[in-house]
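Novice: Below, each chain spelled out in residue letters.
Protein chains: 2
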Amino acid sequence: MKPLALGLLASLFISAAHAEPTATGDLGLVIERATGTVVLVDQSDRAALARIEGLGDLSHASLVYSPDERFAYVFGRDGGLTKVDIVTRTIANRVVQAGNAIGGAISDDGKLVAVSNYEPGGVRIFDADTLEMVADIPTDSKTIGLVDAPGRRFVFTMWDTGETWIADMSGAEPRITRIENMGDRPYDALITANGRTYITGLFGEDGLTALDLWSDTPEPIRVLPGYGRGQEEMPVYKMPHLEGWALTGSEFVLPAVGHHEVLWVDAATLTETGRTQTHGQPVFAMARPDGRQVWVNFAHPLNDTIQVIDTVTKEIIHEFKPGPAVLHMEFTPRGHEVWLSVRDAGKIMIYDTQTFEKLGEIDADSPSGIFFTARAHRTGL
Amino acid sequence: MKPLALGLLASLFISAAHAEPTATGDLGLVIERATGTVVLVDQSDRAALARIEGLGDLSHASLVYSPDERFAYVFGRDGGLTKVDIVTRTIANRVVQAGNAIGGAISDDGKLVAVSNYEPGGVRIFDADTLEMVADIPTDSKTIGLVDAPGRRFVFTMWDTGETWIADMSGAEPRITRIENMGDRPYDALITANGRTYITGLFGEDGLTALDLWSDTPEPIRVLPGYGRGQEEMPVYKMPHLEGWALTGSEFVLPAVGHHEVLWVDAATLTETGRTQTHGQPVFAMARPDGRQVWVNFAHPLNDTIQVIDTVTKEIIHEFKPGPAVLHMEFTPRGHEVWLSVRDAGKIMIYDTQTFEKLGEIDADSPSGIFFTARAHRTGL
Chain A
1 MKPLALGLLA
11 SLFISAAHAE
21 PTATGDLGLV
31 IERATGTVVL
41 VDQSDRAALA
51 RIEGLGDLSH
61 ASLVYSPDER
71 FAYVFGRDGG
81 LTKVDIVTRT
91 IANRVVQAGN
101 AIGGAISDDG
111 KLVAVSNYEP
121 GGVRIFDADT
131 LEMVADIPTD
141 SKTIGLVDAP
151 GRRFVFTMWD
161 TGETWIADMS
171 GAEPRITRIE
181 NMGDRPYDAL
191 ITANGRTYIT
201 GLFGEDGLTA
211 LDLWSDTPEP
221 IRVLPGYGRG
231 QEEMPVYKMP
241 HLEGWALTGS
251 EFVLPAVGHH
261 EVLWVDAATL
271 TETGRTQTHG
281 QPVFAMARPD
291 GRQVWVNFAH
301 PLNDTIQVID
311 TVTKEIIHEF
321 KPGPAVLHME
331 FTPRGHEVWL
341 SVRDAGKIMI
351 YDTQTFEKLG
361 EIDADSPSGI
371 FFTARAHRTG
381 L
Chain B
1 MKPLALGLLA
11 SLFISAAHAE
21 PTATGDLGLV
31 IERATGTVVL
41 VDQSDRAALA
51 RIEGLGDLSH
61 ASLVYSPDER
71 FAYVFGRDGG
81 LTKVDIVTRT
91 IANRVVQAGN
101 AIGGAISDDG
111 KLVAVSNYEP
121 GGVRIFDADT
131 LEMVADIPTD
141 SKTIGLVDAP
151 GRRFVFTMWD
161 TGETWIADMS
171 GAEPRITRIE
181 NMGDRPYDAL
191 ITANGRTYIT
201 GLFGEDGLTA
211 LDLWSDTPEP
221 IRVLPGYGRG
231 QEEMPVYKMP
241 HLEGWALTGS
251 EFVLPAVGHH
261 EVLWVDAATL
271 TETGRTQTHG
281 QPVFAMARPD
291 GRQVWVNFAH
301 PLNDTIQVID
311 TVTKEIIHEF
321 KPGPAVLHME
331 FTPRGHEVWL
341 SVRDAGKIMI
351 YDTQTFEKLG
361 EIDADSPSGI
371 FFTARAHRTG
381 L
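Listed in order, the protein sequences are those of chains A and B.
Per our numbering: the first sequence = residues 1 to 381.
Per our numbering: the second sequence = residues 1 to 381.
Simulated from the structure, these hints should not be mistaken for lab results.
Every value quoted in this text rests on a predicted model; they were computed, and no experiment measured them.
Heads up, some of the hints might be wrong.
You can't tell identical chains apart in this list, so a pair holds if it fits in one copy or across any two.
Unchecked claim - With a cut-off of at most 25 Å between alpha-carbon atoms, the simulated DMTMM-like pairs for lysine to aspartate or glutamate come out as follows:
id : residue 1 : residue 2
1  : Lys314    : Glu219
2  : Lys314    : Asp266
3  : Lys314    : Asp216
4  : Lys314    : Glu261
5  : Lys314    : Asp78
6  : Lys321    : Asp310
7  : Lys347    : Asp184
8  : Lys321    : Glu219
9  : Lys347    : Glu272
10 : Lys314    : Glu53
11 : Lys314    : Asp304
12 : Lys111    : Asp45
13 : Lys358    : Glu173
14 : Lys358    : Asp266
15 : Lys347    : Glu119
Let the hints inform the model, and build the full structure from the sequences given.
Specialist: Right, here's the structure in full:
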């Protein structure tokens, strides 16, 4: 056998080794926030498959997936945009596109990846294939709450000027719609799973501001005037993540700001329908995919605890302490399991959502966000 | 080099050749009803990748996917249950499990595949890995409307006796709950996307019967008493598919029986809220994933036409004729495209859902159902 053929054989072994598990529907990535690494995990086997290194500062990182569930686009705090190939388990490409970034999104057709930047403020849009920049949209403001919307659109909001912009990328050039008067210092936003309603949280005042993206001329709609730190000015250990809003059929559940409670909100009218007292200041309130349960984690120093709320009775039906610093939760797409990042235990812990039994754990170094590939098929995640 | 090693090399070539496109998130299978074959398609490339043969009688076939989006379980009319590996593009396993079957489902954990049978009547449940039978549930009736529900449950209904059974497979043995008096000759059923509400259509009387699966003791709830063939006894060319019910935020849209219209139904109360006149007797009324549009196809002889309804105005905003015998529609998971089976043109046709522009077509032999792998992550499909 000639050396060339031997080399070919070796490379076939390598590609075959990596090819084996590449049906990618049940995989996921876990951010290791301290080390600039991600761990590739397999839901079905409840196992870690590989660690991928060299992603820069992941202290406040998130990611989105390509439609084929092969590539993850990881948005680092340092402005790094890293394209990870979970089939070959390597970094396919990486650019440092700004000095300080906060989150990103992928267009509904999977062709464009957008990143929201603090330094310089604005949004930059990249070809998902090559990571070449295709649009630079400066905003003269820190830019937050970047989401994708149907019709190859991105929506994002300005901390400094209180404007929301809609960038329609369906044509040759970006077409920008600017909506003013969204409120004082918007700090985060979400889009509902159907891509219709965009809602910003405000740091500078109580209440939230919604936009109906199905309207030809969306106007700011003030909702939930009591939502926020309120009169008592409780110390806020951590502003809750708005992406943590949970839709449970006809109601949203959202973490209160500062207070030890979650709020129930009518999804159609965006008016408050009730409150449930909780163990601490909620950070994420996440609905199991069927909407029957909401799982809540809490801000420091009560972040060792999880509470589970039944959405019919609105009562807490289960409480337990997975360990120190539960930072994130991710449900399997059909909701039979939930995976928790327990940062200071260095573990991902896995639970049955019907019995609450612990099913397994996976070692990880300071794990934070858990992202299953099923997100590829959803809007606004 | 020894023969064994040569054989290994050959098999590595084969597996490496098939390994390339195995990020499976954007793949799908199209049923070729006349030839017992399926075509593997790639959404991103709008292309056919392979044809897989030998699946038996697919004249009324459907399929479900494993959680990793690697295996499809194809339910044939002849009782065949075929496990297709879309990574290697081969049949991984096949059993003929009954004489005459009608649909199947996969448990939320992906471990169990259930098949609904006419001959002999009942449901049989198989290990998803090996296709060995793990439970045989005879029902003394043709069995229809089989769906999966959260908590490793299957729900199905008896044509002859009008009972619905819930099989809870979370323990060592199936635990069966029987609900009587669902109505006269249930012919099909659906479960809502959140897995809460199960609704049967009735051949023998007007109206529908719903069950609240979140109740500890579900009771039949009669809804929409005017739904059905009604007083006029219109000729019904094809009973509409209940799986075609579309949820558009707070309303369902469903095809009328016999009449040229779709009905709008409040999702919370299951009462009628309106009707939209259509081109013919609707077969499927399917919501784009964001719920902004509903696409409708029609029964013979008007089955060359598609109408698109705006869900805000409830008016028809677009109508076109893709070709003879449009049998099925499947949206990309985030809704930017729709794929149509045009049986008598021998084509899958692909359209942009924003511009209605035709984007491409793929040859297929008498195509019927189109199933994208994203279904793996949803309940009740």
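Novice: If a hint holds in the structure, say so; if it doesn't, say that too.
Specialist: A quick look at each hint next to the structure:
{"no.": "1", "hint": "Lys314 <-> Glu219", "in the structure": "between (33 Å within a copy, 23 Å between copies)"}
{"no.": "2", "hint": "Lys314 <-> Asp266", "in the structure": "both (14 Å within a copy, 23 Å between copies)"}
{"no.": "3", "hint": "Lys314 <-> Asp216", "in the structure": "between (37 Å within a copy, 17 Å between copies)"}
{"no.": "4", "hint": "Lys314 <-> Glu261", "in the structure": "within (12 Å within a copy, 39 Å between copies)"}
{"no.": "5", "hint": "Lys314 <-> Asp78", "in the structure": "neither (40 Å within a copy, 47 Å between copies)"}
{"no.": "6", "hint": "Lys321 <-> Asp310", "in the structure": "within (18 Å within a copy, 48 Å between copies)"}
{"no.": "7", "hint": "Lys347 <-> Asp184", "in the structure": "neither (39 Å within a copy, 54 Å between copies)"}
{"no.": "8", "hint": "Lys321 <-> Glu219", "in the structure": "neither (43 Å within a copy, 37 Å between copies)"}
{"no.": "9", "hint": "Lys347 <-> Glu272", "in the structure": "neither (36 Å within a copy, 50 Å between copies)"}
{"no.": "10", "hint": "Lys314 <-> Glu53", "in the structure": "neither (42 Å within a copy, 51 Å between copies)"}
{"no.": "11", "hint": "Lys314 <-> Asp304", "in the structure": "within (22 Å within a copy, 49 Å between copies)"}
{"no.": "12", "hint": "Lys111 <-> Asp45", "in the structure": "between (31 Å within a copy, 12 Å between copies)"}
{"no.": "13", "hint": "Lys358 <-> Glu173", "in the structure": "between (51 Å within a copy, 22 Å between copies)"}
{"no.": "14", "hint": "Lys358 <-> Asp266", "in the structure": "neither (33 Å within a copy, 39 Å between copies)"}
{"no.": "15", "hint": "Lys347 <-> Glu119", "in the structure": "neither (33 Å within a copy, 50 Å between copies)"}
The earlier numbered hints that this structure contradicts are 5, 7, 8, 9, 10, 14, 15.
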